[in-house]
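Novice: Let the sequences and hints guide you as you build the complete structure.
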Amino acid sequence: MATALTWVDVTAHRPLLSTSNYMPSPASVIAVNAPSTDSTDPSQHRVSGMRRGWITALIVGAPLVLAGCNAYPSYGADPGATKQGNDTFKLYSGMMTTGIVIGGLVAVLILWTVVRYRRRSDEMPKQFHENLPIEILYTAVPVIIVGVLFFFTVLTENNVDATQPVNASVTSTGRPVVDITVTAFQWGWRFDYTGLNVGVVGETTNGPNNHGPQMVVPAGETIQITLVSNDTIHGFYLRDFNFSRYAQPGVTNIFDLNVLHTGTYDGQCTQFCGLYHSEMLFSIRSVTPSAFDTWASAEVTAGHTLQGSPSGVSNIPAPNTRTTPADAGSSVASSATPKQKASA
Amino acid sequence: MTTTIERPEVITPEELGGPDGHHPDAHRGDADHGHHEGPSGIVNWLTSTDHKVIGKSYMITSLVTFFLAGIMAVVIRAQLLDPHTSLVSYQTYNELFTMHGSLMLYLFAGPFAFGGLANYIVPLQVGAPDMAFPRLNALSYWLYLGGVITMLSGFLVAGGAASFGWVAYAPLSNATNSPGAGSDLWLMALALTGFSAIFTGVNLVATILYLRAPGMTMFRVPVFSWNMLVTAILILIAFPVLFAAVVLLFCDRHFGTHIFSVQGGGSPILWQHLFWFFGHPEVYILALPYFGMVTDILPVFSRKPVFGYKGMVFATMSIAALSTGVWAHHMFTTGVVLLPFFSLLSYLIAVPTGIKFFNWIGTMWGGQLSFQTPMMFSIGFLLIFLVGGVTGVLLASPPVDFMTHDTYFVVAHFHNVLIGTAVFAGFAGFYFWYPKMFGRMLREGLGKLHFWFLFVGFWVAFMPQYLLGLHGMPRRVASYAPDTGWTTLNVISTLGSYIIAFSFLFFLVNLVVSWRKPVPAGPNPWDGHGLEWFTSSPPPHHNYTHLPPIRSERPTWDYNHPEHRTVVHKPKDKKSTSPQGDKQAVGAPS
Ligand code: HEM
Ligand SMILES: [Cu+2]
Ligand SMILES: [Cu+2]
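Chains R and Z supply the protein sequences, listed in that same order.
If you read the first sequence in my numbering, its first letter stands for residue 50, the second for the next number, and so on.
If you read the second sequence in my numbering, its first letter stands for residue 119, the second for the next number, and so on.
Calculated directly from the structure, the hints in this document are not laboratory data.
A few of these clues could be false.
Claimed, not checked - Here are the simulated lysine to any residue pairs, SDA-like style, with alpha carbons at most 25 Å apart: (1) Z/566 - R/185; (2) Z/566 - R/163; (3) Z/174 - Z/556; (4) R/175 - Z/479; (5) Z/566 - R/170; (6) Z/428 - R/189; (7) Z/428 - R/174; (8) Z/428 - R/185; (9) Z/428 - R/170; (10) Z/566 - Z/634; (11) Z/428 - R/155; (12) Z/566 - R/169; (13) Z/428 - R/171; (14) Z/566 - Z/490; (15) Z/428 - R/169; (16) Z/428 - R/188; (17) Z/566 - Z/612; (18) R/175 - Z/612; (19) Z/566 - Z/659; (20) Z/566 - R/186; (21) Z/428 - R/190; (22) R/175 - Z/645; (23) Z/428 - R/199; (24) R/175 - Z/644; (25) Z/428 - R/156; (26) Z/566 - R/171; (27) R/175 - Z/489.
Unchecked claim - Label pairs and their calculated CB-CB ranges: (28) Z/636 - R/119: 53 to 63 Å; (29) Z/637 - R/173: 37 to 47 Å; (30) R/124 - Z/369: 41 to 51 Å; (31) Z/354 - R/193: 39 to 49 Å; (32) Z/681 - R/193: 36 to 46 Å; (33) R/171 - Z/200: 50 to 60 Å; (34) Z/189 - R/197: 15 to 25 Å; (35) R/124 - Z/165: 50 to 60 Å; (36) R/193 - Z/459: 47 to 57 Å; (37) Z/164 - R/124: 49 to 59 Å; (38) R/180 - Z/165: 44 to 54 Å; (39) Z/459 - R/243: 26 to 36 Å; (40) R/172 - Z/327: 36 to 46 Å.
Cβ coordinates follow ideal geometry from the N, Cα and C atoms, glycine included.
Specialist: Below, the structure written as structure tokens:
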């Protein structure tokens, strides 16, 4: 049982890290040798995740068979490129297993009943219409099942929503939290690295190889996103992170991301925000911490600073001024989107 | 199907309730009283207050909107066949999915159930001569028709129809972001249909509570009518809130208020709260009537009473109660709602829904099942709704919602639920009660073809969408990058939608055939259970000339099968085979 799931197991089932085409080199797992008291330590995380998984398995019973080959079948989802995303993935996988087992049993019961009791004679069936013990049973059992699901939901939810104090040095390397303000707008994204004085902004088009602006982050470190919008509601979503959050006018959302590996991850606006919602792409590239430092100072040298492209002002076009995706693409690519210079 | 049996003597209401008793016609002093031929011709149709005429009008109108919205769905799917914007422009696409969703939810699924089938069937099931307020009922229909025309006319105005999704989130729906008249027409259409729903709700509550026939105690009301009572109460809770929200948004758009805009000190989140406080109960307003239809159909084709009648009623009530406290599960990703509370309540809805499932299985258990078209559609409902229910439980978990919200996973989920109910259960109800409404049968062969193509098409169209969502495809996108790897699944899904569209050809042919070459249905073609099968098909103007004794929720069955009638509450008591409901019947509420 103890070997049924290891950290490597989870990552080994990852599909190709990214579907994007500007990060061709294969992703590598970076070493995070944290002291065992560190909450971001994957090995500790593994233990609680495993126990949780087995409790679920025991309660449902049947998934034990599945667990023999893989404790967390993916069911089409990504195992999660962030610590938070991996937590969510395990919850999803466990709930999906539960759902498939219970849904499968009910479906079999329905089909079996339909076949077994198909009309074979004109004999009148017994006219029973209730059975109290059975009715109580199938009221009580679902209460217990949803209770268990709710318990694991709350555990995961607390992990996913946990945030670190911005000034704390919480990771193994003792680096401060990377604080990034993300401003979503019609139709593009702006990433302001408050502590580093770096600003990245880009409108988006759907041309091949144009996946919108890119946020560069250090792998293994804690990134804190402050998510805002000045026009309509947008959705900050990355498939590989198993995560989304609204960017809303009047609301400031703060959440942490710990990207586990280097790699490039595609993101996209998920909340419908008007005409060019389909094209509101972005990506996150995670690089080693030292490569991140190099990138940040190069950005400052190139003038891509907070002041150089202040949030919500000149680089963000007024809503509804664009007519076709094509002309927007040309005007933005040259002026606003900085070239990414960091070497991964 | 119908076994020939010797009929006992007919017991009239007079015999039960005395000369001044509850003869159906005794209730009515309306102007329409006396048109015993039933209206025919355009003037009679326009002026009719007969619930059967209004019900049919509702049903036909809502089916037309269903077909229009279905055509839009096929265009949407055709657009997504390949990554690029190939068929329609972004703007048109956005209008299409907005109108598809709005027509399907506001103007088809709801009105078909409570304006159409319920309007026709509920008075029959409870033994009433008409709805409690026939003129209000007529007003409902005309408001509804006005709403349909108003919403569709958005396509004709400059700027096109509304294009902010069926939820009209602020601030996308404000005057700056959605300036066109189409948006205003959309809001007005909601106000109109909202009132039509409220009036129908009032009518259903009054009819079920006060116009029941003698002997029809509340716990003998068939589950379909029970569910309609609870649905109507939910309508009365939810639709006024929608109306208020719509009016406030209209003020923001035209009268310079800032209720939903940050700039003026308002709050866009408030729109979401108001909308979903309507929107989630609305989901059950759309589901409960269809649960009721299936609950009435399964026993008939199993030749057994419904299993766990009271459990069904209490499950319906607890679903309705819970549904008013879960609205913010649509707002998990806003970051401003109390996640555990809304998550827990949402999970709990799975419990009464589960009870319903086991009761449906229990109803078929040990029966003699025959698979006429209504039964096939009902079984299709069970299987499809089951999958939608399971994925719904997943979405009640905030972290899983974070990962799937606004992706195609959710699109697949709610089509699983809505097509399971409004289409599969809805057409089960249509095939089941069509003979009652039109006095003629639909063809079994064409019905089965309709079912099988629809059933297969459904899985082909919507299962790939779960995967698309898990692979990161957002909803409401008119194009996607070719390197996303979503193309194949989209092609499969689109093919499925073509199969679905094709299946409805069998339905239309079936209607034409039944009209051209009618096969008379007779009063009771399915050996039905409810009171509605006791009267002629279609029923006379005030529905009943005489009634059977009502001693259970299936009086017509009891009457036709005295040796197998339902004996409630005293299964071990030998004496209970003698009629024991008369005491209640005499003092029954009228
Ligand atoms: C009959 C076959 C149907 C097909 C092929 C179909 C297909 C679709 C498609 C392709 C979308 C757009 C997804 C997007 O762009 O995000 C959609 C959205 C939607 N559909 Fe359907 N649909 C069908 C039936 C129904 C029914 C019966 C209902 C409700 C009773 C319904 C309710 C909705 C709603 C509410 C939306 C969301 C609209 C929005 O995003 O604002 N659909 N459907
Ligand atoms: Cu968007
Ligand atoms: Cu809801």
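Novice: Run every hint past the structure and note whether it holds.
Specialist: Evaluation of the provided hints:
Proposed proximity of residue 566 of chain Z and residue 185 of chain R is contradicted: the alpha carbons are some 37 Å apart, above 25 Å. In summary, the hint linking residue 566 of chain Z to residue 163 of chain R is supported, as the alpha carbons are separated by about 16 Å, within the 25 Å threshold. At most 25 Å may separate the alpha-carbon atoms for a hinted pair to count; residue 174 of chain Z and residue 556 of chain Z meet this at roughly 9 Å. Our distance criterion of 25 Å between C-alpha atoms is met by residue 175 of chain R and residue 479 of chain Z, whose separation comes to about 15 Å.
Distance check on the hinted pair: residue 566 of chain Z and residue 170 of chain R sit about 22 Å apart at the alpha-carbon level, within 25 Å; holds. A distance of roughly 17 Å separates the Cα atoms of residue 428 of chain Z and residue 189 of chain R; the hinted pair therefore holds under the 25 Å criterion. The hinted pair formed by residue 428 of chain Z and residue 174 of chain R meets the criterion: a straight-line CA distance of about 21 Å does not exceed 25 Å. Distance hint between residue 428 of chain Z and residue 185 of chain R is fulfilled; the C-alpha atoms sit about 12 Å from each other, no more than 25 Å.
Taking the CA atoms of residue 428 of chain Z and residue 170 of chain R, the gap is about 30 Å. The hint is violated against a cut of 25 Å. Among the hinted pairs, residue 566 of chain Z with residue 634 of chain Z is consistent with the structure: their alpha-carbon atoms are about 20 Å apart, no more than 25 Å. With a C-alpha separation of about 22 Å, the suggested pairing of residue 428 of chain Z with residue 155 of chain R holds against the 25 Å cut-off. Pair hint residue 566 of chain Z plus residue 169 of chain R holds up; C-alpha atoms about 20 Å apart against a cutoff of 25 Å.
This hinted pair does not check out: residue 428 of chain Z and residue 171 of chain R have alpha carbons roughly 29 Å apart, beyond 25 Å. Using a Cα cut-off of 25 Å, the hinted pair residue 566 of chain Z and residue 490 of chain Z holds, with the two alpha carbons roughly 8 Å apart. Taking the CA atoms of residue 428 of chain Z and residue 169 of chain R, the gap is about 30 Å. The hint is violated against a cut of 25 Å. Of the pairs offered as hints, the one joining residue 428 of chain Z and residue 188 of chain R holds, with about 13 Å between alpha carbons and a cut-off of 25 Å not exceeded.
Proposed proximity of residue 566 of chain Z and residue 612 of chain Z is supported: the alpha carbons are some 23 Å apart, at most 25 Å. Our distance criterion of 25 Å between C-alpha atoms is broken by residue 175 of chain R and residue 612 of chain Z, whose separation comes to about 46 Å. Between residue 566 of chain Z and residue 659 of chain Z the CA atoms are separated by roughly 33 Å; this puts the pair beyond 25 Å, and the hint is violated. For the hint linking residue 566 of chain Z to residue 186 of chain R, the alpha-carbon distance of about 36 Å lies beyond 25 Å, and the restraint is violated.
Between residue 428 of chain Z and residue 190 of chain R the CA atoms are separated by roughly 19 Å; this keeps the pair inside 25 Å, and the hint holds. Simply put, residue 175 of chain R and residue 645 of chain Z have alpha-carbon atoms about 17 Å apart, close enough for the 25 Å limit, and the pair holds. Restraint check for residue 428 of chain Z and residue 199 of chain R: not satisfied, since their Cα atoms lie roughly 28 Å apart, outside the 25 Å limit. For the suggested pair residue 175 of chain R and residue 644 of chain Z, the alpha carbons sit about 19 Å apart, so the restraint of at most 25 Å is met.
For the hint linking residue 428 of chain Z to residue 156 of chain R, the alpha-carbon distance of about 24 Å falls within 25 Å, and the restraint holds. Our distance criterion of 25 Å between C-alpha atoms is met by residue 566 of chain Z and residue 171 of chain R, whose separation comes to about 23 Å. Taking the CA atoms of residue 175 of chain R and residue 489 of chain Z, the gap is near 19 Å; set against the 25 Å cutoff, the hint holds. Between residue 636 of chain Z and residue 119 of chain R, the C-beta spacing of about 59 Å keeps the proposed range 53 to 63 Å intact.
Look at residue 637 of chain Z against residue 173 of chain R: about 27 Å separates their beta carbons, and that is not inside 37 to 47 Å. The beta-carbon spacing between residue 124 of chain R and residue 369 of chain Z, approximately 46 Å, falls within the hinted interval of 41 to 51 Å. In this structure the hint that residue 354 of chain Z and residue 193 of chain R lie 39 to 49 Å apart at CB is violated, the actual value being about 34 Å. A beta carbon spacing of about 42 Å between residue 681 of chain Z and residue 193 of chain R agrees with the range 36 to 46 Å that was offered as a hint.
With their beta carbons about 56 Å apart, residue 171 of chain R and residue 200 of chain Z fall inside the hinted range of 50 to 60 Å. With their beta carbons about 45 Å apart, residue 189 of chain Z and residue 197 of chain R fall outside the hinted range of 15 to 25 Å. Remark: the range hint 50 to 60 Å for residue 124 of chain R to residue 165 of chain Z is upheld by a beta-carbon distance near 58 Å. Between residue 193 of chain R and residue 459 of chain Z the Cβ separation comes to about 20 Å, which falls outside the hinted range of 47 to 57 Å.
Between residue 164 of chain Z and residue 124 of chain R, the C-beta spacing of about 55 Å keeps the proposed range 49 to 59 Å intact. Our hint of 44 to 54 Å for residue 180 of chain R and residue 165 of chain Z holds, since their Cβ atoms are close to 51 Å apart. About 33 Å separates the C-beta atoms of residue 459 of chain Z and residue 243 of chain R, a value consistent with the hinted range of 26 to 36 Å. Against the hinted window of 36 to 46 Å, the Cβ-Cβ separation of residue 172 of chain R and residue 327 of chain Z comes to about 40 Å, which satisfies the hint.
Of the numbered hints given earlier, the model fails hints 1, 9, 13, 15, 18, 19, 20, 23, 29, 31, 34 and 36; all others are met.
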